[in-house]
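Colleague: Just so you know, the sequences run in chain order X and S.
Position one of the first sequence corresponds to residue 6 (our numbering), numbered consecutively onward.
Position one of the second sequence corresponds to residue 326 (our numbering), numbered consecutively onward.
Rather than coming from a laboratory, the hints here were simulated on the basis of the structure.
This one's a predicted model, so the numbers in the text were calculated from it and none came from an experiment.
Fair warning: there could be bad hints in the mix.
[Said to hold, decoys possible] Chain X is nowhere near these chain S residues, computed Cβ spacing over 10 Å in every case:
#1 Ile329
#2 Leu335
#3 Ile345
#4 Ala356
#5 Met378
#6 Glu437
#7 Asn456
#8 Leu468
#9 Lys478
#10 Gly522
#11 Leu625
#12 Ile629
#13 Ser635
#14 Lys666
#15 Val714
#16 Ala751
[What the hints assert, rightly or not] Partner residues are not named here, just some residues of chain S that face chain X (Cβ under 10 Å, in silico):
#17 Ala352
#18 Phe382
#19 Pro574
#20 Ile707
#21 Met715
Cβ coordinates follow ideal geometry from the N, Cα and C atoms, glycine included.
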Amino acid sequence: MNNSTLIKQGLKRRYRKEQAFRVLGLTSVCIALLFLVILLLDISSKALPAFIQTQIELTVDLSSEQLGLNKDSSNDEIRQADFRAVIRAALLKRFPAVTNRQDKRSLYSLVSTGAEYQLLDLVLADKSLLNQTSTFMLVADDDVDALIKGAIDRRLPESDRRVKNQKLNWIEALESDGAVHSTFNWQFLTSGDSREPELAGIKGALMGSFYTLFMTLLMSFPVAVASAIYLEEFAPKNRLIDLIEININNLAAVPSIVYGLLGLAVFINLFGMPRSAPVVGAVVLSLMTLPTIIIASRSAIKAVPPSLREAALGVGASKMQTVFHHVLPAALPGMLTGTIIGMAQALGETAPLLMIGMVAFIVDIPQSIIDPATVLPIQVYLWADSPERGFLEKTSAAILVLLVFLIVMNALAIYLRKKFEKKW
Amino acid sequence: MSLITLIFLLLVLAMFTYFIGKQKIYAQYQAQPKSPGRRILTLPKYFGYVAAMWSLFPALLVWMLIELIEAPLINHQITNYLASQQIEVGENLSLYLNEIKNIEASHLADIEPIKQAIYHRYTQLNTLANNSKNVIVMAIALLMSIYILKRIKVDTAARKIFEKIIELILLMAASIAIMTTIGIVLSVLFESVRFFGEVPVMQFMFGLEWSPQTAIRADQVGSSAAFGAVPLFLGTLLISFIALLVAVPLGLFSAIYLSEYASVKFRTVAKPILEILAGIPTVVYGFFAALTVAPFIRNLGESIGLSVASESALAAGLVMGIMIIPFVSSLADDVLSAVPKTMREGSLGLGATQSETITKVLLPAALPGIVGGVLLAASRAIGETMIVVMAAGLAANLTVNPLAAVTTVTVQIVTLLTGDQEFDSAKTLAAFALGLMLFLTTLVLNMIALYVVRKYREQYE
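In isolation and in its complexed conformation, chain X is listed as follows (with noise of 0.2 Å):
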């Protein structure tokens, strides 16, 4: 037997193992990719009713009798106007047997808690509507919503269901009547955040990752790019421009609860910085985007053409006006791209906030970047946290409008890579 068969012999093992690595490989690949859509899939079918508010509408009685009020009362006399008292009125007024205390107070938690303020707020914008009798959709119950989404299974014994079949009898009824009406969760976007699932709602948190995100790139876009322009174009070889290479690459990869521990201790506690607020959240993540941005933007620097330095140095510019001409404006975009990456971190961040005391809870929208605030990630962590069962359609909601916003800055960073890439 001469070596040649020998190899014959072995080669279909062979080329079985090759194809088995081959498909090893494959199989990997979209392991990661199957996780990848799970996840996705996962968390936007959590996140679906959310965006879906379930309203009641119920004929309420605005009379003087009722409210004490007329066209003509100030806006303050119809701000201390018990509007609660007419939404139970006409709750009582349309299921009329109801009469023992605890049954009373059963109805009345169908809707939410919030709905005498929508109701205040719709008297104030249109004073007319007082002294009379008109109907209006108020805000259901979370409990209610869930059991409309069909998150609450009707057919479940009443031992195990959250809504018990009173409760469950009256929205049937309101359901035949037809006063049961699923709309778009504007309120989702507009407003704050609140202990009531039904009402709460992301847009304090998006202002406070809008400020908190502004203040970082204010900071941190125009040190990076100095510091990068200086490392790469200035910097002599010294002991001193060693330290600072080797202090970047580590800075990149310390954990961000660390720069958390940073900020605790010396913004707050040293220079009295206030707790919670956007500008301090934006110290912290402006030091932890620093070395993100300055690789990229170091990378975007050394891919100008050494040509087009020597031919400004060439008819006379200094090296200041070098750089700053001719060399900056070529590795702009590819600067800007690197810190669009860094921003897009930053607004994912969680756990260095955590430590400043971003994790209050806030109902006010933040009007500054010093008003107490909290942000998106925070938002999505502290509603993962709370028990009722409506926060978690909220917490999957506010993840993908998180996940939408990465997406287009990731876009975005892609986009002007693409339009500004030059071959040189």
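Given chain X's structure and the hints, the job is docking chain S onto it.
Modeller: Here is chain S on its own, set in the frame of chain X:
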């Protein structure tokens, strides 16, 4: 005068100085006799820039210095005032001062007279400090403007000075990296030293029990806090190990497939999609781990008769592993493509199949780089916070059972520092000691990894 007015005034002054400076140089130049010897060293605007910088920067520097010493100075004055009035504030002085500072003028009438008096003293001092600050800063800016406008002449090398200043500013920006590192080290070190003053280092490093809750009453059960961090270290290692067990094979094989086998088309589509995994915020993974993966694993375990904790290490580790797949795969991709083509071609030329080339030639050659990549991934896993905060437990169990609940260093840092905290207790200081351990561990891992990867690269360059 508010902050914004001060900034505005400074800027106006700087602009004014710019124009005057420019004008002065221009006039000097014009005044020279029109002969070939008439000269100016650079464009007039550079004289203006230099003048404006002289007007602006010293004032800003002094302003910053004043801001730094202002708060401690006022606190000191208030403390002196308290002592002179013989007001007892009890143990917590800083808390008391904070309370005074947070008094709102509109509610002043409702507050006890002593506090009112202190509040008045405080506002008085504050106004004084503010006014003197404004005056000092403006005076310096003005003096500097006058000085520089007198000094600059047509034969000043204005552009050179300007460029030197700009270069200095660039250097300062670059040094922020060093300042950050120093800040991190000092902030965790300082608090850690205080912590180790209360709890011996040995007890922290080798103690087997972790229960940081200090009881409010002395006779309560478990009133003495225990700060033995071994369960945390073990929990962190367990979860990171599970994560690496998922991420390393999947990431490595993905990298091999994408760089060696996949068609260009598949690669250009699959690679960015894979990178999305690294771009998803960790809080999203945490939510996914806590609400989808953990219940799934628990149900699966119960259906085959295993008891699984609802916050099992397995769920957190698994999801963390998914998160770092692209991290491993892109690093592996880098090192694989750094292996010289000649080695690959030599192996193929000898008749080896592609998989044989990969396993027998490429991987051994790329091994140091891959090890470096795995170390980087490990440091990422150890420092990961949100996934474990949301999906891992809080109880410090000393176990390596992946189905049990364990806690990690990062989880404890977050739980110790969020919510109400008194800053001086051992409980909050412990968080900084844990932070120090975390920082040192990841730093060492990164140093080793970067060193290994660099050595590996140099080998083939």
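Colleague: Against this structure, judge whether each hint is valid.
Modeller: Structure-based check of each hint:
no.: 1; hint: Ile329; result: holds (13 Å)
no.: 2; hint: Leu335; result: holds (19 Å)
no.: 3; hint: Ile345; result: holds (24 Å)
no.: 4; hint: Ala356; result: holds (27 Å)
no.: 5; hint: Met378; result: holds (14 Å)
no.: 6; hint: Glu437; result: holds (25 Å)
no.: 7; hint: Asn456; result: holds (20 Å)
no.: 8; hint: Leu468; result: holds (28 Å)
no.: 9; hint: Lys478; result: holds (21 Å)
no.: 10; hint: Gly522; result: holds (16 Å)
no.: 11; hint: Leu625; result: holds (15 Å)
no.: 12; hint: Ile629; result: holds (22 Å)
no.: 13; hint: Ser635; result: holds (14 Å)
no.: 14; hint: Lys666; result: holds (20 Å)
no.: 15; hint: Val714; result: violated (8 Å)
no.: 16; hint: Ala751; result: holds (16 Å)
no.: 17; hint: Ala352; result: violated (25 Å)
no.: 18; hint: Phe382; result: violated (15 Å)
no.: 19; hint: Pro574; result: holds (7 Å)
no.: 20; hint: Ile707; result: holds (7 Å)
no.: 21; hint: Met715; result: holds (6 Å)
The structure does not agree with the numbered hints 15, 17 and 18 stated previously, though it agrees with the rest.
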